[in-house]
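Asker: Whole structure, please, built from the sequences with the hints as guidance.
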Amino acid sequence: MDVSFISELKSIVGEEHTLADKESLACYGYDSTPEYESRPGAVVLPANEEEICRIMARCHAAGVPVTPRGSGTNLSGGSLGRPEGVVVQTSRLNSIVEIDEENLTATVQPGVVTSALHRAVEAKGLFYPPDPGSMNISTIGGNVAENAGGLRGLKYGVTADYVMGLHTALPDGSLLRTGGKAVKDVAGYNLNQLLVSSEGTLGLFTEVTVKLIPKPQAKKTMLVHFPVLENAALAVSHIVAARVIPATLEFMDRVTVKCIEDYAKVGLPLDVEAVLLIEVDGHPAQVEEDAVAVRRICAEHHCSSFQTAADADEALKLATARRVALSSLARVKPTTILEDATVPRSCIAPMVKFIQDTARKYNLTIGTFGHAGDGNLHPTCLTDERDKDEIARAHKAFEEIFDTALAMGGTITGEHGVGLSKKKYLPRLVGESGIRVMQGIKQAFDPTGILNPGKVF
Amino acid sequence: MEYVKLINCMRCGMCLPQCPTYKETFLETASPRGRVALMRKIEEGDLEVSERLLEYLSLCLDCQACASACPCGVNAGEMVAGYRCERRDGKELSTMENLILRRLLPHPDRLEAATAPMRLYQRTGLQKVVRKLGILKMFPPTLERMEGLLPELPVKPLRQTIDEVTPAVGPERGTIGFFLGCVMSLVFSEASYATVKLLSSLGYRVVTPKAQKCCGAPNMLSGDREGLLDAARFNVDLFAGHRLDFIVTDCGGCGAELKKYGHHLEDDSRAATFSAQVRDITQVLALHADELKAKLNPLSLKVTYHDPCHIAHCQGIRQEPRTLLRIVPELDFRELPEADACCGSGGTYNIEKPEMSDRVLRRKVENIKATGADVLVTANPGCLLQLRKALAQETPPIRVLHVTEVLAASLLPPLL
Chain A
1 MDVSFISELK
11 SIVGEEHTLA
21 DKESLACYGY
31 DSTPEYESRP
41 GAVVLPANEE
51 EICRIMARCH
61 AAGVPVTPRG
71 SGTNLSGGSL
81 GRPEGVVVQT
91 SRLNSIVEID
101 EENLTATVQP
111 GVVTSALHRA
121 VEAKGLFYPP
131 DPGSMNISTI
141 GGNVAENAGG
151 LRGLKYGVTA
161 DYVMGLHTAL
171 PDGSLLRTGG
181 KAVKDVAGYN
191 LNQLLVSSEG
201 TLGLFTEVTV
211 KLIPKPQAKK
221 TMLVHFPVLE
231 NAALAVSHIV
241 AARVIPATLE
251 FMDRVTVKCI
261 EDYAKVGLPL
271 DVEAVLLIEV
281 DGHPAQVEED
291 AVAVRRICAE
301 HHCSSFQTAA
311 DADEALKLAT
321 ARRVALSSLA
331 RVKPTTILED
341 ATVPRSCIAP
351 MVKFIQDTAR
361 KYNLTIGTFG
371 HAGDGNLHPT
381 CLTDERDKDE
391 IARAHKAFEE
401 IFDTALAMGG
411 TITGEHGVGL
421 SKKKYLPRLV
431 GESGIRVMQG
441 IKQAFDPTGI
451 LNPGKVF
Chain B
1 MEYVKLINCM
11 RCGMCLPQCP
21 TYKETFLETA
31 SPRGRVALMR
41 KIEEGDLEVS
51 ERLLEYLSLC
61 LDCQACASAC
71 PCGVNAGEMV
81 AGYRCERRDG
91 KELSTMENLI
101 LRRLLPHPDR
111 LEAATAPMRL
121 YQRTGLQKVV
131 RKLGILKMFP
141 PTLERMEGLL
151 PELPVKPLRQ
161 TIDEVTPAVG
171 PERGTIGFFL
181 GCVMSLVFSE
191 ASYATVKLLS
201 SLGYRVVTPK
211 AQKCCGAPNM
221 LSGDREGLLD
231 AARFNVDLFA
241 GHRLDFIVTD
251 CGGCGAELKK
261 YGHHLEDDSR
271 AATFSAQVRD
281 ITQVLALHAD
291 ELKAKLNPLS
301 LKVTYHDPCH
311 IAHCQGIRQE
321 PRTLLRIVPE
331 LDFRELPEAD
341 ACCGSGGTYN
351 IEKPEMSDRV
361 LRRKVENIKA
371 TGADVLVTAN
381 PGCLLQLRKA
391 LAQETPPIRV
401 LHVTEVLAAS
411 LLPPLL
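Top to bottom, those sequences are chains A and B. For the record, in the first sequence the residue sitting at position 64 is 64 according to our numbering, with numbers rising by one throughout. For the record, in the second sequence the residue sitting at position 142 is 142 according to our numbering, with numbers rising by one throughout.
Note that these hints are calculated values from the structure, not bench results. Heads up, some of the hints might be wrong.
As the list claims (entries may be wrong) - Here are some, though not all, of the chain A residues that point toward chain B, as calculated from beta-carbon distances under 8 Å:
1) ASP21
2) GLU23
3) TYR30
4) THR73
5) GLN89
6) LEU326
7) GLU385
8) HIS395
Where is the CB? At the ideal position from N, CA and C, for every residue including glycine.
Answerer: This is how it looks when you write it as structure tokens:
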């Protein structure tokens, strides 16, 4: 990147917060997506909204691409910059501007880490439900841009369900304000929701206002083992059909259970085909009633073991199995390809079975765990990137898995976003007209195409 | 560096919020994930080893909080330390390194003699005069920082005053070998005296071999592998001569290093036995928590606990010190936010990288103040030095004690 442009960036954000040495840039050539790499031309760490707007205006005038980045936990290559472009890392914009207890909203800067927001609102007896697996690292800005999900998606929904207002810097440096604290707002197109999951291709968030809800009074955590996979899947459908909506309804398959037991020794049996982690929350009386119903339904589906946590410590112990799923899988082989194929929840059993058959067909190890309650599965392929043949087989397997998810009425990504890694599948999901409308929207926001180019489509 | 260790990093970023230098800078180059990426780029030939690159790597405090957080078992801190050793291979030690690592540390008597002038310096009142007149401003800033860290030294190092064998009080339940450590014996001899007395009051016979040498951790930090191995061989030989149930240390840094002897000296089975016997003092005391509890007097103090990196991250000991503090009657224990975050001491890091060390320390001090505690307890000499200096400057000052000092003060009859 040319030296005079870098000095212009320095004049906006300061010398210390402008990175252009090759060592630094090498450290921004990746995010959490395996196999993708692209070294940006420069990285800036602005301190406030005004600096972001000035960076945008300057890049717009010079035709320099801009890619936003929080903590770089993206799993679809979305936060990778271009060699001729600038990466804007938002970590320094990390203050919680306001927690409004009358309106039940929180207003934060985009670089606030998700779990920090949880802690702040829970200290006031309030609750911000979206809890992506990366919540201790990922930022709210990134969560909004990717419409992140999490373990509580079944009952509480995803990030989009909580975003009430946004400040977004547009390419020309102007600031777009959408939504706000009003619960009802039907004026014009719903730009607010459009910006959620825009993956940094329509603007850069500079402030986010989210909805809060009262913190559930009680919860109960249960861990259930199933010797037969189909029975676990049926139990999931029947729990929901019985009008019980758990906060968490998580699934782990045999490969995942075996890896967890090998590494973490949490006492899981090795003869099960599936394990469910179920958490019900809400009013204490309702929680009791729901827990009884869950237990009955699991017994009807021939579970081999049913554990209920007596207190918070034990709940944590039971949840450990699910929490360490990814870690345990990641220790088996160096390259962990984690996907987020998503199907209607009635298709969980056939989908998991299809994934297992496909793994066998291509001689791969794929462990599947995920948010069974909302049909969002994480088939995780354990590979070694030095084995090119294995990597090629993994890609073929995922191609089939995504096609099958689409055939079942599902989608190519439940929570990781399209970015670079899923863009070839997007037309199969939304069709030609879908792509045409999206491109038209992109044109309206970003006529010169400087915002995160190459992502989504 | 083994390439597979580098590609094991799945770049999930779980290490970022745990890394003290990332938390201060938000820079990827100052994060464990970034450091692994830099080493990987060198291996792949994408980057050359430049001064700047080494500077980035050297910002690591080696606290190993990243290892505790990593799902894939990557230990970025240890990899950076290993990388320093590799780069050292074949290079001579500098005169100063040679003096400290080879001529001073392996010889406790010389080390004690070398610190004698400091004791004199403090006792004659010269320190007060020097500090008052600002004479140190005339010397290089590192010297001033080193002088500033120096707490009041005991009259004599513990190695010189402790008996080689301290008998058990009451029926004997076993024999413990006590590994003194350099700084604990030289500077915190009262805490180490308490360690020995607590063990003997619980029925252990405590053997303190006087010939023992430095554990070798400072050699490892400076990339002097040979010096480390010499120390390990000597200490294994020395302790092998006694029939011991445990080898106990009250220095987190020594404990972490001693537990690695078996790995360092793979061909000597006695080294594996030695390492398997090593326990931090808090581990042994916590075994007898109920028994100890019955012997404790009330101490009405507001106390919080800082997890030393070498205890929490390197040895995985978190519960034991808390258990011990909670059994003291009337003691008001308050959990410290970010308790297992580094205090910025990091061996000689606070001398070599004063600016980053101070930033990391400032965050620790703010967290400690937020608990409202009037005593900060920890279990490692580096942290004791760093935090004693920092917390003495607060108003009102916050006292800093080793776990064993708190227990000794509460023990009936009082030990100290």
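Asker: Determine which of the earlier numbered hints do not hold for this structure and return their numbers in increasing order.
Answerer: Of the numbered hints, just 8 does not hold.
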